[in-house]
Amino acid sequence: MYEIKGKICEISGSTVIAKGMVGAGMHTTALVGNDGLLGEVIRIHGDRATMQVYEDTTGLGLDEEVISFGKPLMAELGPGLLSGIFDGIQRPLEALKAASGNFISRGIKRRALDSSKKWDFVPKLKKGDTVSSGDIIGEVQETERIVHRIMVPPGITGTIEEIKEGSYTIDEPVTLLDGGRSISMCQEWPVRRPRPVNGRLNPDTLFVTGQRVFDTLFPVAVGGMAIVPGGFGTGKTVVEQSLAKFSKADIIVYIGCGERGNEMTEVLTDFPKLLDPFTGQPLICRTALVVNTSNMPVAAREASIFTGITIAEYYRDMGYGVALMVDSISRWAEALREISSRLEEMPSEEGYPSYLGARLAAFYERGGRFTCQGSPERTGSVTIISAVSPPAGDLSEPVTQASLRVSGALWALNTDLAYRRHFPAVDWNISFSLYYEGLKGWFAREVSEELPSLKNEAVAVLQKEGELKEIAQLVGIEALQDSDRLTLETGGILREVFLRQNVFSATDAFCPIDKQFRMLKCILSFYTVGLNALKDGLSLDSVLSCPEKASLFRMSEMPVEGFSEWALGYIESLKKRFCL
Amino acid sequence: MKLVTSEYRTISRISGPLLFLERVRGGRVGEMADVRLRSGEIKKGQVLQLMEGTAVIQVLEGTAGIDAEDSSVYLSGEVAKTGLSMDMLGRTFNGIGEPIDGLPPVIPEMRLDINGLPINPVAREKPSHFIQTGISAIDGLNTLVRGQKLPIFSGSGLPANELALQILTQAQAPGSTGDEGEGRFSIVFGAMGITAREAMFFRKGFEESGAIGRTTTFINLADDPTIERLFTPRISLTMAEYLAFEKGHHVLVILTDMTNYADALREIGSAREEIPGRRGYPGYMYTDLATIYERAGRIKGKKGSITLIPILTMPEDDITHPVPDLSGYITEGQVVLNRQMHRKGIYPPIDVLPCLSRLMNLGIGSGKTREDHRGVADQLYAFYARGRDARKLIAIIGEEGLSGLDKKYLRFADEFEKRFVSQEGEDRSISRTLDIGWKLLSMIPKTEFTRIKEEFITGHYSRGD
Ligand SMILES: Nc1ncnc2c1ncn2[C@@H]1O[C@H](COP(=O)(O)OP(=O)(O)OP(=O)(O)O)[C@@H](O)[C@H]1O
Ligand SMILES: [Mg+2]
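If you read the sequences in order, they're chains A and B.
The first sequence begins at 1 in the working numbering and counts up by one.
The second sequence begins at 1 in the working numbering and counts up by one.
Looking at chain A on its own, in the form it has when it is part of the complex (with noise of 0.2 Å):
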């Protein structure tokens, strides 16, 4: 390793730039300045370099000198980072606390992962064996929940040697390669770079979130991208809470990106408690926390949704499904904007600088589903759920619409149904899924054939009771036909029993797929049934005060075992009513 000395010269916010740097590299890191903060270079000048640093200037001199490593900024890979928490540039926040305190002060250096902590390796090889790029040697577990899968870092080929069996720290050297080379237990990965794998995969699984707006209207596939943009207090971060908790994943990372500590605090001692509705163990053992809220340096909250996504391709790349949970976007990308002015390039819209839509493209395209490298054969996925905070939450601004551009599902909360307290806010009228088509084999084969036809008759309801609505305003409610009415009244239904979901109930949180299903059929049963009883010249009322119009409202809250015989004793009772 080299080492190049400058001293700085400059010093604008997050930005410094040093001079005396000549063959320093673009993307490099350096310890700047006395207390010797991290930082990057991000330009280059003849003998200066401009560097963004990961913590705070102030107190930041002139004339002190900046060290360069030639290195990039790297994320370290390894057992333990499950129920970890890093901040943007992966200082575990524990260790920082346990060296500065309660708040976070400068120029403190620790390793993401612990180093003195033994895991038990269980080699998966043998001596002899030919190994290269994402071959699985051993395996650690981690959580109670997750094997770690010890891989062959990227580039690396050779013969094994000797390949140990025991318990060793993440440095210790577990497998000994032909040419003196050997492999630990954690590697290195420099952030902003893709992961290499084989090959993308389509998306034809549906990533079930238990949310039943999300994954019967707008479903999002596994190794998908949805936007969750919406107002400040809209549920972005509810949305992206629930999704960690009750999503089928094995692997979440979330990523607090310029958001609030308390929300992070509420993470932090939840998920050790929660347990996860699909395997019983605690959620936080499927769980890597990045955290760089709001008041901490600006250039590591740009920098933490690339130490994040690195973790989530390490897992893909042992072949689980990861879910990337970004809050918010925006919060990035006004950081760019940030240490793009301190560069003084050139604006363009809202003072986000030209290349903003490339990078964000960048970022996005590293979610999917792929088949990763090495053997044994294996896929994974990293399905990207990204919140978007915009301005004022008009959805034009340059965040949202370079977020549009890639993602495959559109979930748009809407500032006005969060004020009635309809959550989750989804307005429906703007939301969509591109996956819709190429998930109905799916649907068909777990839930039912019926599904998709039934989604498309909610949908069709929802639209006409809003153009009802619109003509009620005019001519008064009574002025309508009672089968008019009744679809009106049924559109109130779909969202007050379907589309609303209460996160703080304990049985309506998470809604599985079946429930979801069945719940539909019973709605639209009612709805058919009564525009025949209409037809048949019942009265409105008549089909409006049955006691079968009032326990579809108590749908929500109700188990999810016995929910389907309760469903079809429920069609059958509305047919005997109506349909004699």
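Treat the hints loosely; a few may be bogus.
To be verified - With a straight-line Cα cutoff of 30 Å, these simulated DSSO-like cross-link-like pairs (lysine-lysine) come out: (1) B:Lys300 with A:Lys109; (2) B:Lys126 with A:Lys273; (3) B:Lys303 with B:Lys81; (4) B:Lys446 with A:Lys273; (5) B:Lys81 with A:Lys109; (6) A:Lys549 with B:Lys453; (7) A:Lys575 with B:Lys446; (8) B:Lys408 with A:Lys549; (9) B:Lys303 with A:Lys273; (10) A:Lys19 with A:Lys109; (11) B:Lys81 with A:Lys7; (12) B:Lys300 with A:Lys97.
Unchecked claim - Just the calculated beta-carbon pair ranges, DEER-fashion: (13) A:Leu544 with B:Asp389: 18 to 26 Å; (14) A:Leu275 with B:Arg419: 42 to 50 Å; (15) B:Gly398 with A:Gln481: 20 to 28 Å.
The set of hints was computed from the structure by calculation and includes no laboratory data.
Cβ coordinates follow ideal geometry from the N, Cα and C atoms, glycine included.
Position chain B with the ligands against the provided structure of chain A, taking the given hints into account.
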């Protein structure tokens, strides 16, 4: 660390509140400077940026009277700090922490960087204690929790100050704050660009309620230098951190008016010729505001807490204006005042629809407030929103066009505003608030209830009629 302090006579340019100093060696970002005028007067400044030996210095008291020839600048080598002591309770200071109450300077117990440091997220303790403010629209629907940051979004001429003062005085009433326990209660009041009349109003309020001895006041008045406003909230919060995390107090911090603060930020931004963001405010305003608001909270193992109530004016009552918008993106909810309701004579004129308390669930329910609390709040919201829809409808089709049910919702909305939201001067207990809620809910047929558990409805419906 180099302790050489240096005096410069190399001012090259003065522009708005900024001063450019040349041939600076070893200057530090954020360090404080003294600018000595020919008259001998000394103004305080702070280094914002360093480029090739040029230091950009913002002068707190304005650059008037500084000249490039005869003024000199002395760089202190130290970032902005403020002295702290328990003797500051009951005292009044200007916006940069100098006493203005005629009493002698305070002898500090410690001096701390006013910018503070970010709380390590793993050191935070989840807020969980209900604070009863005695105001139904807050306690019932948008509950304040200890350690929360909950701003009041106001419009010019709306009674935000009255409301803030009422919260301050009622929240401290004995027994009203749940398990008050060991911690003592104190107030930090930071004012940016408020009028002398407003300052008097608060002062009188603190005196009358007996809170004055527990209150530290930092005041930058409307005619005080604007740049000082950038310091006032930071000094206030440094004091609050000292009281909360060194001395174990439960501290309520009022910062008013954050819009004036933001305007000062904009002034510096444009003087630095930065690329302006929305409505001329700097692009980094979100982050800047976050370094203020995020200082509220609780810390594991510490007795005290910081509850922050910033007040801000929405220019033209526009909630999408950058100051309320960015604040709302950082704070844990908002209490929104409404001009129409104010005109109708409703006090406090809180429009509950855009209000929110994100921490409400942590502070309510059985053992904290009442088990039916969540349901009552959700149902009141749903009914009120429908009533407001009905109100919009009659503007088009007249009341005759409404269905019987919609007429009920319409009446509900009116009564809700009159009996629940409006409460001139009254200090209501939470159970009184919820009981009023039930009375109002009972105006609507039971079959319409979709957000409350059956068991609560049977227990409470029609109770008070
Ligand atoms: N599914 C839900 N069920 C019940 N309440 C909800 C739900 N979603 C959101 N809320 C309510 O809305 C509040 C705001 O939600 P949240 O914090 O997720 O908003 P946000 O969009 O992330 O806002 P910001 O952009 O300011 O961070 C929550 O505190 C909660 O009270
Ligand atoms: Mg949020």
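Point to revise | Structure-inconsistent hints, enumerated in ascending order | key: 4
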